[in-house]
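Novice: Heads up: the sequence lines are chains A and B, in that order.
Our numbering numbers the first residue of the first sequence as 132 and each following residue consecutively.
Our numbering numbers the first residue of the second sequence as 171 and each following residue consecutively.
Hints were generated in silico from the structure; no laboratory data involved.
Among the hints, a few may not be true.
[Claimed, not checked] No farther apart than 16 Å at their CA atoms in a straight line, the calculated lysine to aspartate or glutamate pairs in the EDC-like style are these:
hint	chain 1	residue 1	chain 2	residue 2
1	B	343	A	310
2	B	315	A	309
3	B	284	A	310
4	B	341	A	309
5	A	182	B	196
6	B	338	B	218
7	B	341	B	263
8	B	284	A	309
9	B	341	A	172
10	B	343	A	309
[To be verified] Ranges between beta-carbon positions, derived for each pair:
hint	chain 1	residue 1	chain 2	residue 2	range
11	A	180	B	355	54 to 62 Å
12	B	321	A	289	52 to 60 Å
13	A	183	B	279	45 to 53 Å
14	B	288	A	251	53 to 61 Å
Source: prediction; values computed, not measured.
Idealized CB from N, CA, C, for every residue including glycine.
One letter stands for each residue in the lines below.
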Amino acid sequence: MKRNIFDHRITVIAITLICFLMFSVRSKAQMAFVGGVNISDVRSTVLLQNKNAIASYQWGLSFQYFPFKRLENVSVINEFLFNHKGYMQDFETDYHFRFNYLSFPILINYSLFSDLSIQSGVELSKLSSTNVTQGRRTYNNFDMGLVFGMSCYDTRRVSFYSRITYGITPMLDYYRIDDLGNFAGEIHDLKNVCISVGVKFKFCHEKIHLYR
Amino acid sequence: MKKYTYIVSLLLMFGLSSCEGIFVPDPIDPRLPKYTEEGNDVAGAFVDDLFWKSVVECHFSVTDEPQLMLLPQKDSLILRFYGSTLDKSASIEFYLKGSKVTQFSDLAAWEGKKILLNGISGCGIYNDDETSSVFRSQSGQFYLKHVDITRKIISGTFGFTAIDNTGKIIKIKSGRFDYCDPKIRGESREDE
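Chain B with its partners taken away, still in its complex shape (with noise of 0.2 Å):
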């Protein structure tokens, strides 16, 4: 009877446990994240009426924390941030060129650096996976507000209007981020 009890427990305790970061609502606009600087593992935008959300269903074997991917390239940065609209799965990709990144403290040079996303200097994507639609930017901007390189967090706001091959245009409005630890892929990714 015991072991049973251990097996529920743990089963429990695997379904039930939040893989959310800390969501402060924003004292404007409570559906989004406040905009901070904290390592709070939250991101949030809207994207045209819809709000897109950092945070991913929890599954009883699948772990999918909020998270942020730094995927180096040789003279660019990728970063991906894992969400949902609507609870379907979406992710939000920033191409950005300049300087190679290659650990955490290299991200200091970005640090207060608006990017344009007009395709030459990055890009901002769109992945609607639940319809595989992908929109790619064709203006607006990324903004890496805040990097502190010892606690490793990293802060941000981003915005711009986006396109699928369609000729469907969204505008992703009003987002922000705050992620500590962020992993980095460590290889280059040349197909990307």
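Bound-form chain A, shown alone (with noise of 0.2 Å):
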């Protein structure tokens, strides 16, 4: 199977990036414990039959920077995550289909209200683990996604945010196989669908301003 060649730089870029604007910053910062649960599935072009979402969850840390003097509505997020997706077969037995992620989202926000904010941006994920035997044989190691969410009393220092990740890149690489074992073409198929409800806790809550 062809993979993807470019995966580990993605992926060391991002941690690259958020290293950088973790550590440019001042120490109090705007930082966050972040959970919640998800409510995961995948979309697929072939046919997964008796395919049904899963409940999961997600928790992790949060930064919330303030790029712009003039634009103090708009800011940037980024988190690191511990993201647990995936799907469930139904047949005469359940088959989970469960994968953890190590999630990189890059987010924009924007502030509607003092207690209303949109975000949007990408998710970049490494795939940790999985309960399925060989499964990083099988599903692809890296997964991006695009996310469109909202959050609410983001000025307090408890907040709640609800979110899509609307993923973007095939999870699984496969061959197209039919009843008489003919193999006719390549599947490059399975996208995370993701939709999360959480809680943000800030312990930093001092804004952090990346200009003078």
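Two chains, two frames, some hints: make the complex.
Specialist: Structure (structure tokens):
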């Protein structure tokens, strides 16, 4: 199977970018613990019989920066999340496909009102483990998705968020095999879809400004 | 007391030891094993709506490991996959006419070949050991996609329609196998 040779490079770039942003600001920062529940599923063009979504979770750290002096409503959110995704197929027995990702969302946040914000951006993820036997050989280690979300009570210490992550890179590179056993091309399919709802608890509530 | 503990441990070890190969679920239909070329010692297929698998129940004294037996003939080769359907013993066999195979490296000549199971160039047989029914293929194919001489791995796919002597027709669908170092019987079996 052909693997994307840029997977590792993108992950390294993402980590470097986050580290750069983290260490280039003052130590007192607007940092937060985040945690929530996911309703996770996959989109596919091939027929996945009896497919259902599963409930899972995410938790991690969030960092928020305000890079533009004249645009106080605009901020950048970087997160480092442990993200549990997957789906299930229900036959005589249930087959659960669970994937543990280390995710790095990079979001642009816009405050509509003092207590309501919207976000959009990308989420870069690296598959760290799975319950599927030889799953890391079967599924791609890199995943990328578009993120759309909103949060409320952002100015308070405890706030709430909800977001949808719409996967745009295929999780699976596999063969298309017919009933007789003919190999009819390759499949590049299964894209994550995840709806998340969670709580953000700020332990450093001071705003991070990236300007003087 | 130590003696009894030792005996019980041994019995448990034999009784509970797994005889399965490495079953990697197919990412599209997890009831089937994924098509691999790793020598996972596993095979699977649909027999109509039921699932045939290479795993045979383990017993205390019997080691029914997932196995593939190669039975070389004068001008053909028999591949016998042992397994079960609904936990009842059932095997799938292929009679492939062509070059002679006496050792594993001879299988290289079959790599990439699709053999039609039409009764002339090849034949597929599904043996239901529970009912002693034998289903012979009418049409279908056996595809030996990958042969790794160094690691002694063979992988491929199969699918065929078969009929027994009462006229009952079954379909073997989406068959795939991946074995490492299959057993090759040395002597030729003329009676097959």
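Novice: Each hint needs a verdict: does it hold in this structure or not?
Specialist: Hint check results:
{"no.": "1", "hint": "B:343 with A:310", "verdict": "5 Å, holds"}
{"no.": "2", "hint": "B:315 with A:309", "verdict": "14 Å, holds"}
{"no.": "3", "hint": "B:284 with A:310", "verdict": "14 Å, holds"}
{"no.": "4", "hint": "B:341 with A:309", "verdict": "13 Å, holds"}
{"no.": "5", "hint": "A:182 with B:196", "verdict": "14 Å, holds"}
{"no.": "6", "hint": "B:338 with B:218", "verdict": "12 Å, holds"}
{"no.": "7", "hint": "B:341 with B:263", "verdict": "14 Å, holds"}
{"no.": "8", "hint": "B:284 with A:309", "verdict": "14 Å, holds"}
{"no.": "9", "hint": "B:341 with A:172", "verdict": "32 Å, violated"}
{"no.": "10", "hint": "B:343 with A:309", "verdict": "8 Å, holds"}
{"no.": "11", "hint": "A:180 with B:355: 54 to 62 Å", "verdict": "39 Å, violated"}
{"no.": "12", "hint": "B:321 with A:289: 52 to 60 Å", "verdict": "57 Å, holds"}
{"no.": "13", "hint": "A:183 with B:279: 45 to 53 Å", "verdict": "46 Å, holds"}
{"no.": "14", "hint": "B:288 with A:251: 53 to 61 Å", "verdict": "59 Å, holds"}
Hint compliance for this structure: hints 9, 11 are broken, all remaining hints hold.
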